[in-house]
Every structure is written in C-alpha cells, then in structure tokens.
Amino acid sequence: MDYILAGLKEAFRLLFTLDRGTYTIIFLSLRISGTAVLLASCLGIPLGALVGLHKFPGRGVITTILNTCFALPTVVVGLFIYLFLSHRGPLGMLGLLYTPSAMITAQTILATPIIGALSLVAVKGVDPSITKSAISLGATKVQTTLTVLREARVAILAALIAGFGRVITEIGAAMIVGGNIKGTTRVMSTAIALETGKGKFEIALALGIILLAIAFLINAGLYYLQRVKE
Amino acid sequence: MRMKKKIFLLGFIFVMVFTLGCRKGVSHLILATTTSVENSGLLDALIPVFEKEAEAKVDVIACGTGKAIQLAKNGDCDLILVHDPETEKKFVRDGYGVNRKSIMYNDFVIVGPEDDPAKIKGMSGVISALSTIAHKKALFISRGDDSGTHKRERQLWKKVGLIPEGEWYQETGQGMGATLVIASQKKAYCLTDHATYLSCKGRIALIMLSNRNQLLYNPYSIILVNPKKYAHINYRKGIEFINFLISNKGKKIIREFGKEEFGEPLFHPVGE
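Heads up: the protein sequence lines correspond to chains A and B, in order.
Last residue of the first sequence: number 230 in this note's numbering, and the count goes up by one each step with no gaps.
Last residue of the second sequence: number 502 in this note's numbering, and the count goes up by one each step with no gaps.
Same shape as in the complex, but just chain A (with noise of 0.2 angstroms):
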C-alpha cells in the first residue's frame, strides 16, 4: 500500500517541480506516438474506406489480415525494423537507428491496421442510403467517399483512440528501435520499463499515473469535440 502511496505522491512531486528530465520524456512521447497516428490515420483511414466501401476479389483476404495485425506482437515489429535499419540492414546507411524517426516508423506500422480495420467496420455501419443519395445527387467517387467519412466520424475518432492507446503504451518496439537513449528515444513506457528494471517502483508508479493522466486528458478533449459537433 505504501508503494502506492509513494507512487502518487512521486507523481505530483515530479509534475509540480517541473522536473526537465520528466517533462523531456512527456514531450517525446506525445510527438513521437502523436506523428505515428497522424501518418497511420492517413494510410489507414483511406485504407478502411477502400476496403470497406468496395466490393472486389481478395476483400476478405485484407480484411483479415487487418484483424490479424490486431495481435501483431511489438517486439517482432521492433526486431524487423532494426534488421533493416542496422548498419548491416538495407536501410543501414540512412542512420535512423536509434532515432526518433525509427520510432514513428514502429509505431505508424503498429498503428496503422488498427486504425484501418476500426475505420472499415466504421463505414461499413454507415446506412447505405446516404452513398445512395450521394450518388444520385451527382456527387464523384471522392465526394461519396467523404461524405460517408463524415457520416462515420465519431466511430474513426473512435479507431484514432484505439491506435494511439497502442503506440503510446508499447515498450517492445520503442526499446529495440529506439535504445531508450535519455532525451532522445526515452519515451514514457520505456522510462516505466527501465525504473521498474532497476527496482525503483514508485518513479515508474508516478509515470504510470502521469501516462494515464496525459491519456484521460487527450480522451476528454476528443469526447468534447464529439459532442460538440453532434
């Protein structure tokens, strides 16, 4: 119980003191993970409206493969992406090992079937009279598809939740691409890991509550804009 304690009062005393080393790894998590989403949102969100507003041969193929990449394990990502990064790897000569760019490129892939496969069942659940009369009213392809976007968009802010809740929890991935170098690749989770490694409970307790606040935060804001544009 006392950890616990501990913990909570490590958490307020690192977020007041305005402690640099603690507000660095905030600060890297959210541009990091926040980038991730924004690039797998633009590969996904288009993604799932293809898949889920066509009918063409192999539809059900991609669709499960999306729902498989939902156990997609980060560790396996992270190793694949250091293979090709490492200076023995195809991609060896960019250096983006060890960088926060390997990062986003982790987690835009973790994050990217996530976002499609919840955005294809998100268009899908959008009544199919509205891309009939979109239609009918002479709108393009383009139109009809953004129209039925529009329609669906508080189930896709829904799948952008679900995606960054992946990324910015995930250690495997960010560990191997990253190194959890302090100030560069150190991000929240990777700190929880390596303090907990080290014994130290309640600095990993405090980031734990201070991730969680940081989540909530960004969820109320989210549920705001919802509600505002119903």
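Hints in this document: simulated from the structure, not taken from any laboratory.
Glycine residues also receive a C-beta, built at the ideal position from the N, C-alpha and C atoms.
Treat the hints with care, since some could be wrong.
A partial selection of chain B residues facing chain A, derived with a Cβ cut-off under 7 angstroms [unchecked claim]: (1) Asp289; (2) Val411; (3) Arg433; (4) Tyr460; (5) Ala461.
Guided by the hints, dock chain B onto chain A, whose structure is given.
Frame of chain A; chain B shown alone:
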C-alpha cells in the same frame, strides 16, 4: 484546391518526420553498455563532463554484455563498455574492435536471505559456497540473459563441476536490478555485481554472503568498434572518450562516485 492542401500537408508531415531523425550539429557517439553500469548512475556523472569538454553528445544504450557486443558487430554503436574479458578478447581478435582499455573494476558478490538457509556465510571459497547451495537445493535466481554477470555465473558453476538445473535454479531473463528484487521476494541466493547491489540495497532484503575473491573480480573495459569494418564509426570522438575515462579527471569521477550516497565507491579506477 482541397487536394493541393492535402498533398502539401502530407509532404510537410514526411519532411518533419525525416528531419526529426537527422543528427546535425554536434558530433554523436553511441555507447552500448551493460545495465549494471547504466543503472548505477555512474554515466550520468561522467558523460555531461565529457560532453562539455569535447563538444560531443554521447547516447547510451543499456543492454546486457551479449547484446552490446552483437550491436557492435552490426556496426550499430561506436563504443562498448562491457565486463566479460573472454568475450571481449575474442571480439577484438575477430577484428570487430580496436583499442580495448580496462577502465575500472569492482567485484561480484553472492547475496542471499538474512537467515542464510544453506549456511554459506563465512565460507572462504566461492566454489564451496555455490556447491553447498546446489547440494542443499536452496533457491538460486540467475539472470539467464547472456549478460556479463550471467556469463561469470556460468563459468563459476563450471568450476563447481555441475550443471545447475532443477526446481531450485530459476532464470529471470531480466536486468540485474529486477533480478535482485525477484530474488529478494523469493528469499533466494543470487550472484550480482557490487554496484547494483549497493544501489538496490535499500529496497531489497538480501545480505552479502561472500568475501572478496579473485574468482569474483569484475573488470570493465571499453572497446571502440573497428572503423575499418564500418566507415561511419566516430573514431576521433571515440578515442577522445576513452582518453577521458582513463585521464585523472575521469578516474576521479569514477573513484568519488557513490561515496556520498552509499558510503563506499561503486567502482574503482584501474590501477588503484
């Protein structure tokens, strides 16, 4: 118009992402080291001083000795600071590393629960202590992660003349700090480096049960990755860092580190 905006936005994002990763300005060094060195906090005392002096940035990646050497073989770091002399010598012999220098040492210790169920306290030899633990089947927790500490532990079991297996011998596959916490919770024996033990002492219920012994000597060396193997290795700054560690200034930081907090230094510079 809308399409143009989107294309612009996408382009902007990609440029942003890829410039994020570029290392411009100061010279960078990547140092792969063992968790025992990183967890002790010694590097936080050494590196800022060097960074200021040499106008370079040192990125530290903490992993076991085994992984550090693998990273170096792949050219993914400039320097390694590790503690497994046999593997280090092979690494240099195979042409992967140059300029190996001994930096500092401390010792390994056998720790265990206060009531010492196998009664190994006061035994003069490490081998007899381990052999007693094995014969009494007292719980022993091993790192099991191919780290320097784990390799030393296996060498010691080899000297005892038995292969540790059975319910009394468990492997965690985790770092030293985490392994000590597990050993403490399970009231088990464990082999650890002195530095990690001292820095975890306040949080675990394990006491030191071995005396100083040549078999438990724990030397740390730094090795530069061979620039002939990988052209991108930052040879100049790497040599500067090694020279800094063996300079009087570097030695002083190593010697003083931990004295205040733990009452004794965690590492001793070589030659003292």
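Q.
Does the closest beta carbon of chain A sit nearer than 7 angstroms to the beta carbon of tyrosine 460(B)?
A. holds (6 angstroms)
(Q) So, as I understand it, the hint says arginine 433(B) touches chain A; can you test that by seeing if any CB pair is closer than 7 angstroms? (A) holds (5 angstroms)
Q | Status of the valine 411(B) interface restraint (C-beta, 7 angstroms, chain A) | A | holds (5 angstroms)
Q) Once the shortest beta carbon distance from aspartate 289(B) to chain A is found, is it less than 7 angstroms? A) holds (4 angstroms)
Q | Minimum beta-carbon distance criterion (7 angstroms), alanine 461(B) to chain A | A | violated (10 angstroms)
Violated hints amount to a single one, hint 5; each of the other numbered hints is respected by the structure.
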